[in-house]
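We have chain A already, so just place chains B and C on it with the hints.
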Amino acid sequence: MSADAAALEIAGLVVRAPGGAAIVEQVELTVRGAEIVALVGESGSGKTTCGLAALGFARDGARIDGGSVRVAGRELLGLGERELRGVRGRHVSYVPQNPGSALNPAMRVGDHLRELLRAHGRAGDDAVVQAALERVHLPGERAFRRRWPHQLSGGQQQRLAIALALACEPAVAVMDEPTTGLDVVTQARILDEVRRLRDASGLGVLYISHDLAAVASIADRIAVMYAGRVVEQGPAAELLARPCHPYTRGLLASLPDHREPRRLRGIGGAVAALDARPAGCAFAPRCPLASDACRAQAPPLTSPAADRAVRCFHAAQTPPPAFEPLPQRAAADGAALLAVRDLRVSFGGGDVVAADDVGFALARGECLALVGESGSGKTTIARCVAGLQRPDGGEIALAGEPLAGFARGRTREQRRRLQIVFQNPYQSLNPRETAIEAVARPLRELGRDHAAGGRAASLRAAEQMLERVQLPRRLAHSRPAALSGGELQRVAIARALVVEPELLLCDEITSALDVSVQAAVLELLGGLRDELGLTLLFITHDLGVVAAIADRVLVLQRGSVVETGPVGQVVRAPAQPYTQELVAAAPSLSR
Amino acid sequence: MTDSPRPPEPARGLTRRRVLQGSLTASGLLLLPGALAACGDDGGSGAATDGQTVGGAQTIGSGGTPRSGGRLRVGHVGGGTAETLDPNSGIVGIDVARARQLYELLFDFDPRGVPQPRLAESLEAGARADRWRLRLRAANFHDGRPLTADDVLATWRRIRTRALQSANAIAAIDLRKTRSTADDTIEIVLSRPIGDLASLLAHRASFIIPAGFSDFARPNGTGPFTLVSFKPGERSLMRRNPGYWGDAPHVDELEQISIPDSTARYNALQGGQVDAIEAIEFAQARQLGDGTSGPVRLVRTANASALPTYMRVDEAPFTDPRVRRAMRLAVDREQSVQAALLGYGSIGNDLFGKGYPSYNDALPQRAYDPEQARSLLRAAGQDGLTVKLYSSRAVPGMLEAATAYKQQAQAAGITIDLQTVPAADYYSDRYYLKVAFGQDQWSGSFEQTTLDGLLPDSGFNITGWRDAAWQRRFVQAQSMTDEAARNDVYKELQSTLYDEGGLIVWGYVDFLDAASARVEGIVTNPLYNLGYYEFRNWWLV
Amino acid sequence: MAGVKRQSLGGLVARRVGIAVVLLWIVSLLVFAATQVLPGDTASAILGKTATPDSLAQLRAQLGLDRPLLQQYTDWLGGLLHGDLGRSLAAGLPVGDLIGDRVGATLTLAAVTLVLLVPLALLLGVLTGTRRDGKLDQVVSWITLAGVAVPEFVTGTLLALLLATWLGWLPAVSLIPPGESPLAHPQYMVLPVLTLLVAGLASTVRLVRVGVAQAAAADYTEMARLSGIPERRVVRRWVLPNALAAGVQVIALTAQWLVGGIVIVETVFQYPGIGQTLVQSVQSQDIPVVQAVALLIAAIYVLLNLLADIALVLLVPRLRSAR
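Chains as they are written, first to last, in my numbering: chain A, 1 to 591; chain B, 1001 to 1541; chain C, 2001 to 2323.
So here's chain A without its partners, still in its complex pose:
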């Protein structure tokens, strides 16, 4: 392949769902050799569909309905299955989002590589397999080759998936959220690996991600997708510094960043469903700059500057991103609302220690973040506080009163004062209950003032609370199935707040949400905090979120407290090596 021929060239791509609706259309994308192009968008934007189309593949009855996909100069669309098989894995390869489920559970590590190599007519002997593993910094020895996928760590599984993608030295690899689900440290290492491979082998990478911050450090160029179209693309640094599309700008404003903590601004509204996309610009309903022209027809691709492309009538008017500093909060007073002392929890008869003499205090009005990777014990501690897990030892006191191990041992009043919002709003709401019923229920069970007023009074209070969490009024009588993730989480927050708790425990409440929605939820929570004088215990793995909302942070590793202190101090000048590693690895735009 000639040095300047594009590794991957997608033009005018249209992929349609079985019903005929276009999942993606008019997609133009180019990946050159030794270049990493990030394809960024929120869920449902069509980025995975684009990625698969790069291999001439469409999922679940969808079909590629037009355009062109060229890999190293060769057109894939129109090829038969046999010819496509020769191209897939050989000239263009795919790294899946979740390697845990994409590796064959009944096939050993080495056999994965051997099968692939042989399918493409290459020698699959041990030396080759070993080399392929070692290239991605996996052990190449026999013992490792004979392992089963489930015996690998998440990072190792992802490295194996990358090894597979690179085994036949393709021109381009499509990496579909390859680090989602990995902890930040592993994620950083994988990103380093991808960068290194680009430089070492001249590989072109189409890197699909929902996380602008994560791709900022790796991408040469960035393409932003919204509702099936690439709305903007350009060199990474330029695009991040001067977004031309209002959506890109909105994304940047909603991105939490631990290095530059700032006030988050979410994008109002939600992405339209596939069959309900508006006629004109799909972003128009959420766009502050939208005009009648935007609603009348989709804007064409224009080039506001060299190597930049954007689909917006108002590209020139899009203001540069403006970052507001976080509002200063008065330091919380000394009275501890929640005190945890010497908390100890272990599982499996003591084999696994989830919390080892953990102690902390939470002052009234304060927001404390518990941060750690998966397995650090942060969720176990939260469950103990919530009364869902009985600790082996230690004490948890709310406003000076010790709390029983299990919630059913606590008084109604104690339960009212401590409310919880869970990670997954899809699972934590009863699918048969409307939003307002869900919010009214705890009021009748735990509420103080409304219990006497009966159903009507509790429904009125629930309605007020739904207004407060900014759930559109028309959705109050919808069931969970009709609500989006952000709306569901608002309902969950309303349900927790309606009984006027003093302490709100938030367990990864934004990790299932898109960034623009996450920002809106965090914004809401910050506002409610000021308004109601809430005390927050915030569980998260995301340092950016911590920086955006917390006053103090507690860093956990394998059940022990590593470091604790004010957010600014811990994030800017971490004292412990582990915290330093964590802070360094966390994605940030400003690096």
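Because the hints were derived from the structure by calculation, they are not lab data.
A virtual CB, placed ideally from N, CA and C, is assigned to each residue, including glycine.
Each hint should be verified, as a subset may be incorrect.
Claimed, not checked - Examples of chain C residues lying across from chain A (beta carbon under 8 Å, computed):
#1 G2134
#2 D2137
#3 W2166
#4 G2168
#5 Y2220
#6 L2226
#7 S2227
#8 G2228
For chains B and C alone, kept in the frame of chain A given last:
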């Protein structure tokens, strides 16, 4: 009268085991005489039921000259691993059916219910009917030994000491005083006079075995067949006994196969795997049509067993005879026979023993008369009576009959509250003989059923009958040697029951069997299915 | 989570066997208890109407029914451990002699059925699972749906009606001469085996198909296709091994179902096996036979579970190394 003599065991015998068996073999067979279903000839082929001949004995087949040879294969209901070759212990039908080929009784009931000499040559009564002289015919056991009086005495002793099936039947024989006076002669001494000793000696399980015999696995009887092989619950094979004293069997071999499932049994006959089967279902009988043509024929035995609804005369509201009479008038017998038995039966006149010589057929047939029933109830102060009737599927047709009765009785203003009991529980201690109003199945003559159901020591007094004078009169009749005179008293006793008793005998069900058209010579007998298994008279064409 | 304990395969098998032994002991207790609550009393069932209180007491003593329940149980269990299944009350023969042939006949029927059923189920399951919504899939789906819906005795009766009564091709009833192997009379095995196959295939094909379909739609299979692995290779190395776990469980379930289905089929076709014996001995209250057959069936059941467990552990790598 604890030592009262007992005639051949009547056919009602619904021990739990038999009921279980019945309920599990879709046709609900009860494995006793009279238990394998039943029949009143409805004016089709064969002899009509005239009330004089038991069951309207009927010869199946086209007749003609008997042919010799071949293997006759018969499908029986079977009794699983409980099947036995001990001729004095067998309870289930197939045991009786096998014993009848290998061994013989002193007397044997003919199709009209009359005991005929078999191993007996003659039986003569003394002056008071408490002493009898029994003479044996010349016959040899399978091992060649001749039959002697000692064999008969040894058999009786065995039955008595081991309390086997026929123990009650020979209970009146005083074995200490009874002795042989010659090789072929026995002087029988009874503990009290009995006029109809031959019927007692015809009891179905009192087969004569050689003295000192114990190896029942290698049968040694005087019967028309000898055993080749036997596996309980599966099959047996027999061969014609060349030394048989009487008319030798027509077939060379006889194979008897246990097929408990009624559908499987029917399929085996349809597919030609067997030549005859006992106990088919009403629906299967209906498929065979009138049963006179085609490759498979229906073998139908009339008046086989009665299906009574019983009322306890000692329990309210049935203590009032007017109520009992009203209940009898409230059943539409013709409709019940159609509804419950699909027509495979005949109507009853509230008495057992229809077709036997002792049956009182001079009494007017009771008919459905709800109006009179209503006025009787009004007179008894029981207008708008409500009663609980216990029923179940333990016997085919039983529940259907109860349901029909419930409807019919409404016209008389009677509300029948139907209590349906699981089949397996119906004859358990919990219900049987415990309820005032229920259903049952009985077979046998008047005198046989009376011993079981109407005397002070009867085990199955379902109606709670306690008429002392009536009971004395019955025992008196038993001692009469003149058959005609004896039957006159029996008939007189029946007319009392007809008016005052606790039975509503609305119908009789037929035995329903089937045979291939290749089989000739079957003569039906109301005691048991398939013509009381007289296979020696059958032949194959 | 960390700290997953590794266990040797031997230890794993030993533990499962231990569980099986305990299970069997519990089953023996249940069987014994259940036979005690069967309605009625053995002695009165044997004596029937001729029973007197004296003869009943005598017979109870003779049968050992007058011993305390606990002693009856320990005597019985002790006999079992020495290979003595007891003595039939009805036939008076050792239970072992009585059911020996029948156990053989039943096992023959089960084995012939399984030998045909398993490959057929796997073949049809794989064919339909890999070509979902194809013609074959639709036809098989409808047939198996019907097979699942119709109970064995109906299937058996219909097959007998069609093949024996109407067409006359096969005997309707399996009248195997006593003491002879069913294999010597293949014509008598056709209908019972066919009935079991129709009923058994229905559920197994569906389950195998689901397993195959799941594996065929799994992320890893899509990944193999995206890697350019040839389709046949994908089926062989990606789909089948992963569907196999489902397959093993299906086969174990089928074998367990067979134990029950055989009781019905033996009755319908008069096949001389233990199922028929069980039904008959329950009717005749022959408790030792009921106990022996029930325990035997339970033992087969437990054994099949054990084998399936072990096979599953051997086949599924995840189960082998984790826990």
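Unsatisfied constraints (hint numbers, rising): Hint check: 1, 2, 3 and 4 fail, others pass.
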